[in-house]
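Engineer: Residue numbers (the numbering used here), protein chains in the order written: chain A, 12 to 423; chain B, 12 to 423.
Just to be clear, a hint being listed does not mean it is correct.
Since the list gives no way to pick one copy over another, a pair counts as held whenever it fits inside one copy or between any two copies.
Pairs of lysine to any residue, SDA-like flavour, derived with a Cα cap of 20 Å [as the list claims (entries may be wrong)]: (1) Lys-81 / Ala-65; (2) Lys-187 / Met-12; (3) Lys-405 / Ser-287; (4) Lys-211 / Leu-183; (5) Lys-406 / Leu-69; (6) Lys-81 / Ile-64; (7) Lys-375 / Asp-44.
No lab work stands behind these hints, which were simulated from the structure alone. Remember, predicted model here, so these are calculated numbers, not experimental data.
The chain contents come next:
2 protein chains.
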Amino acid sequence: MAGINENYLKLQGSYLFAEVKKRRIRYMEQNPDARLISLGIGDVTRPLPAASIAAMHLALDEMADEKTFKGYAPDGYGYSFLINKIIEFDYNARGVSLDEDEVFISDGAKSDTANFQEIFETGCRVAMTDPVYPVYIDSNVMAGRTGSYNDGGYSGVTYLPCTAENGFTPELPEGKVDLIYLCFPNNPTGMTLSKKELEKWVDYARKNKAVILFDSAYKAYISEPDVVHSIYEIEGAKECAVEFRSYSKTAGFTGVRCSYAVVPKGVMGLTAAGKSVSLNDLWFRRQTTKYNGTSYIIHCGAAAIYTDEGRRQVREMVGYYMENASIILQGLKDIGIKTFGGVNAPYIWLKTPNDIDSWTFFDKLLNEANIVGTPGSGFGPSGRGYFRLTAFGKKENTIEAVKRLKNLSLKP
Amino acid sequence: MAGINENYLKLQGSYLFAEVKKRRIRYMEQNPDARLISLGIGDVTRPLPAASIAAMHLALDEMADEKTFKGYAPDGYGYSFLINKIIEFDYNARGVSLDEDEVFISDGAKSDTANFQEIFETGCRVAMTDPVYPVYIDSNVMAGRTGSYNDGGYSGVTYLPCTAENGFTPELPEGKVDLIYLCFPNNPTGMTLSKKELEKWVDYARKNKAVILFDSAYKAYISEPDVVHSIYEIEGAKECAVEFRSYSKTAGFTGVRCSYAVVPKGVMGLTAAGKSVSLNDLWFRRQTTKYNGTSYIIHCGAAAIYTDEGRRQVREMVGYYMENASIILQGLKDIGIKTFGGVNAPYIWLKTPNDIDSWTFFDKLLNEANIVGTPGSGFGPSGRGYFRLTAFGKKENTIEAVKRLKNLSLKP
Chain A
12 MAGINENYLK LQGSYLFAEV KKRRIRYMEQ NPDARLISLG IGDVTRPLPA
62 ASIAAMHLAL DEMADEKTFK GYAPDGYGYS FLINKIIEFD YNARGVSLDE
112 DEVFISDGAK SDTANFQEIF ETGCRVAMTD PVYPVYIDSN VMAGRTGSYN
162 DGGYSGVTYL PCTAENGFTP ELPEGKVDLI YLCFPNNPTG MTLSKKELEK
212 WVDYARKNKA VILFDSAYKA YISEPDVVHS IYEIEGAKEC AVEFRSYSKT
262 AGFTGVRCSY AVVPKGVMGL TAAGKSVSLN DLWFRRQTTK YNGTSYIIHC
312 GAAAIYTDEG RRQVREMVGY YMENASIILQ GLKDIGIKTF GGVNAPYIWL
362 KTPNDIDSWT FFDKLLNEAN IVGTPGSGFG PSGRGYFRLT AFGKKENTIE
412 AVKRLKNLSL KP
Chain B
12 MAGINENYLK LQGSYLFAEV KKRRIRYMEQ NPDARLISLG IGDVTRPLPA
62 ASIAAMHLAL DEMADEKTFK GYAPDGYGYS FLINKIIEFD YNARGVSLDE
112 DEVFISDGAK SDTANFQEIF ETGCRVAMTD PVYPVYIDSN VMAGRTGSYN
162 DGGYSGVTYL PCTAENGFTP ELPEGKVDLI YLCFPNNPTG MTLSKKELEK
212 WVDYARKNKA VILFDSAYKA YISEPDVVHS IYEIEGAKEC AVEFRSYSKT
262 AGFTGVRCSY AVVPKGVMGL TAAGKSVSLN DLWFRRQTTK YNGTSYIIHC
312 GAAAIYTDEG RRQVREMVGY YMENASIILQ GLKDIGIKTF GGVNAPYIWL
362 KTPNDIDSWT FFDKLLNEAN IVGTPGSGFG PSGRGYFRLT AFGKKENTIE
412 AVKRLKNLSL KP
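Kindly produce the complete structure, drawing on both the sequences and the hints.
Structural biologist: What follows is the structure in structure tokens.
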């Protein structure tokens, strides 16, 4: 008898974004003429940077010629030509040095952040900021690391509430935890952590031999000068932190698929007998065994964003979306809705008017303004009564959405 | 303290192909003028089909225009335009019907065959043919499903020996097993299973509520008429079997990355309490949570191989490699080496001369003929004393390799 992994049965309903999509499709079936505007799932709308397009056309020409054809990518890490650009532009430029074999190219930060927990024992105590990107929690549920679900949360997870009350700055856990998921600039709140606050976490991790899984997928959106781009800007982080980066939001690659994970060789895990094992070795083994590398064509598209032209095009794209963020922030302010984020991140986190339930607000926006957003409660217990809008729409749609919001009746 | 997944420590040395690569690189460093010919790792050498190249250029043009830009692929499954081609050409044409939501597009059959075990409980008893593609075994080791390694095998795995003695036809296990990995045409032996033999396995699985994980990555290489292309050609298989297919060997996509998994809705797993759960639902949940879809560009490249032009180009490519297979088979026959496979698969499995150890033969071929192959023992205990050559080289190199083989001293 093929027994199933019963941890899957502890998962709560559908994956958040699948549920959002389902409700949107149902609404469209019932109202085929409605002109919906999606400020929901974090999908981009701008075309790819011209530099990436050109580089991928050239890569295709190479793949069409037996003299330049490329088969499997180099084992585990990916092509050096991309890794070296990452090290130069994303790290050296911020004062961080990395070796080539500390960077692993992959098909997405979703895959990486979901898969990375595999190399740890199932008994590890997991902490994560709350609200949180559902992938961190769900992948740990599937692995049997969370206990059961009660009243909005899993019994075995240490939630680190981030709410308006604490300025979205999580407090260190009281007890010991082993794995800590941090994402800054944050999805979904759009908020950042100061360097001083992040230092506390690195300190905690070093003292407790914990590992920080740091997701900085949105670093390209940082506009303020004193915000940390990489956790390795904090002294000692190369002993305790892994970092995940994605081209999805940096270069509009949601439909292209490319990202990378940085696993410094000094980050160690421990066996039950107390022996240190390099996480870099374990992740290399995981990737060489269960992944067969990222497309050569896509490597070329990603490398092109580090050219002068590519960097300019990425800046323009980010600027476009951040103008949307300003439009949304101003619009919400005008109608008296309390907002957070949207300055160093493409996400606007808002307090639902009159503290109505997040999914009720979702249905209200969908039905009365034909706007699709994401209910805060889908991101965890501390997201209750909040709601996420994204800046990834087209500018004209964003303007139209704000106009509709202004006509919304917010009376209780 | 971040405890590691100690199952990783049970893994034997490096991943087989990484070890082969390491020895090759070491030899090249010591002998920089040597002209190595690789008939080792199953990587292809022919350029991509022109139809795929053209389709991907067009896809890039779409991605460069905001009107036709594509973000995230549809949740879990992938784009219908490819799924429908798969159903029409790969299944309907063989008398098999499938629904659109039974096909999941992904980045590789390596990922799929490695990840699929996640949806089963760790207590499942796993059976697999031996020798075997290392990914099946290593992914189960990592999941803690295999016990420890002793004398060439894992104590908790049911090995199904396939050797010259039994004509490479595995016998049904004596006890009950829950998950059965079968790959036909087989990697590494290049051998197939008759329809009658495969029926026995489907029967066994249905009687024992076991699940067959059927890898048919090499179906494009089948040249004989009575060989099954898909396990669903066997009656009842849609109740007990999942099938994995790859474009890597069909269309030369090793460096492009695309594949699909077929999970019929009638294939069930069981909870400890005996409740049936659809594997299709579980795999959908797994993929929507831990994978973010396959590149749109690559979807287009894969769909193009089903056009008239694409199908002709694929046939030509397969023909090219199978001519290599004939050249290798004839060459080995001429020097009195016993061979298997190479007729319905791009792999030639040979008995090492004088029964020498597989890695010794690897080093002998590398040192004396500058040919890189793959040691049979790396594929499992029943691979000892065997060796794998692949037909994926360039024709002129394959001819040269055979010439060198003929000069090899095979005296004990």
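Engineer: Decide, hint by hint, whether the structure agrees.
Structural biologist: Structure-based check of all given hints:
1. Lys-81 / Ala-65: both (18 Å within a copy, 17 Å between copies)
2. Lys-187 / Met-12: Between copies, since 8 Å is at most 20 Å while 39 Å is not.
3. Lys-405 / Ser-287: Answer is neither; intra-copy 49 Å and inter-copy 45 Å both fail.
4. Lys-211 / Leu-183: Close inside one copy (8 Å), not across copies (58 Å); limit 20 Å.
5. Lys-406 / Leu-69: neither (31 Å within a copy, 26 Å between copies)
6. Lys-81 / Ile-64: Classified as both; 19 Å inside a copy, 13 Å across copies.
7. Lys-375 / Asp-44: within (18 Å within a copy, 72 Å between copies)
Comparing the model with each earlier hint shows violations of hints 3 and 5; every other hint is respected.
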